[in-house]
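Numbering (our numbering), first residue to last: 152 to 394.
Note that these hints are calculated values from the structure, not bench results.
Model, not experiment: these values are computed from the prediction.
Beta carbons: idealized from backbone N, C-alpha and C, even for Gly.
Hints should not be assumed to be uniformly reliable.
Stated by the list, open to error - Lysine to aspartate or glutamate pairs mimicking EDC-like chemistry, simulated, CA-CA at most 16 Å apart:
1. LYS364 to ASP258
2. LYS287 to ASP298
3. LYS364 to ASP200
4. LYS364 to ASP280
5. LYS209 to ASP313
6. LYS287 to ASP313
7. LYS364 to ASP298
8. LYS224 to GLU255
9. LYS311 to GLU361
Unchecked claim - Okay, the calculated beta carbon distance ranges per label pair:
10. ASP208 to LYS238: 47 to 53 Å
11. LYS238 to GLN194: 25 to 31 Å
12. ASP298 to PHE221: 37 to 43 Å
13. GLU361 to GLU292: 25 to 31 Å
14. LYS230 to GLY353: 26 to 32 Å
15. ASN341 to ILE240: 18 to 24 Å
16. LEU344 to HIS222: 37 to 43 Å
17. ALA235 to GLU156: 48 to 54 Å
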Amino acid sequence: MYENEQVLAAFRLYSQLSRDGQADTAGMRQYLSNDMLRGLVDQFVQEVDCTIIPAGDKLYLVPIAVASPFHVKNATLKKEYLSAKAKNIDLYLMYVAILVLFGEFYDSYHSQNTTRDFITMFNWLESVDARIQALKEHDQEALQRLDAEYDFNWSQLVEKWDAIDDLRESSRQQDGRTNSRLGFLSQVQNFLLQQGLITELGNQEITLTEKAKTIVQRYYMDTQYNRGILEFLSSLENRKEGA
């Protein structure tokens, strides 16, 4: 049986995590050093389809299922981070852009350690474009087979990327309001910044946070969570390089 004070202490930590999405160094030390408290907090977060990730000097509450009340809903993503006219295909493209960004910091989808310190927005743009150009080498029938295999709309993704106006890609003053590929990535960048997954270094350079690295190592590398899409994107990179 847990004592009343143990339950209250665990609930206070859970409340902080659910309110702020994270706990400070003191909370992390308490969580890691007290087995009973940790067990209680873990039970609380499991009830809301989340997990706790210690990263750097903080604890983070991370949803691991769409059913979690802490999962960012599609409608919220469209309303707060993308354009007013965003559709589901914009979310597909956003997801791919994030996977490509994370993949750029690792030498393979099996890697556990980052191999670069930062990436520029333009390098990120080039990496996304390279994979979509490799996708375009498949004919329509092949793309439809890939759609079914990965339960992912690759066909419309290619069409969406082609439809984005890239006439002003050379401009360095673009932001999320700009109807261009770089403008779209700026919107994705804003989402990642708000979620504490990347940090801006200046000169349009960004780097992964410890939170992002831990999530990538635990979940993005696992086909249970990425449905093999990360491996497929890696194969597109290899295909393009071998062309």
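Hints, one by one, checked against the model:
1. Of the pairs offered as hints, the one joining LYS364 and ASP258 holds, with about 14 Å between alpha carbons and a cut-off of 16 Å not exceeded.
2. With a C-alpha separation of about 13 Å, the suggested pairing of LYS287 with ASP298 holds against the 16 Å cut-off.
3. A hinted pair counts as satisfied when its Cα atoms are at most 16 Å apart, and LYS364 with ASP200 does not qualify at roughly 21 Å.
4. About 23 Å separates the Cα atoms of LYS364 and ASP280, which puts this hinted pair outside 16 Å; it is violated.
5. With a CA separation close to 41 Å, the supplied pair LYS209 and ASP313 exceeds the 16 Å bound.
6. A C-alpha spacing of about 10 Å is found between LYS287 and ASP313, which places the hinted pair at or below 16 Å, so the restraint holds.
7. About 29 Å separates the Cα atoms of LYS364 and ASP298, which puts this hinted pair outside 16 Å; it is violated.
8. For the hint linking LYS224 to GLU255, the alpha-carbon distance of about 26 Å lies beyond 16 Å, and the restraint is violated.
9. Our distance criterion of 16 Å between C-alpha atoms is broken by LYS311 and GLU361, whose separation comes to about 32 Å.
10. The given range of 47 to 53 Å is broken by ASP208 and LYS238, whose C-beta atoms sit roughly 40 Å from each other.
11. For the hinted restraint 25 to 31 Å between LYS238 and GLN194, the CB-CB distance of approximately 39 Å leaves it violated.
12. For the pair ASP298 and PHE221, the supplied restraint of 37 to 43 Å is violated, since their beta-carbon distance comes to about 30 Å.
13. Between GLU361 and GLU292 the CB atoms are about 44 Å apart, so this pair departs from the stated range of 25 to 31 Å.
14. Checked against the given bound of 26 to 32 Å, the beta carbons of LYS230 and GLY353, roughly 29 Å apart, stay inside it.
15. Checked against the given bound of 18 to 24 Å, the beta carbons of ASN341 and ILE240, roughly 19 Å apart, stay inside it.
16. In this structure the supplied range 37 to 43 Å is violated for LEU344 paired with HIS222, their Cβ-Cβ distance being about 19 Å.
17. Separation of ALA235 from GLU156 is about 50 Å and conforms to the stated range, judged on CB atoms against 48 to 54 Å.
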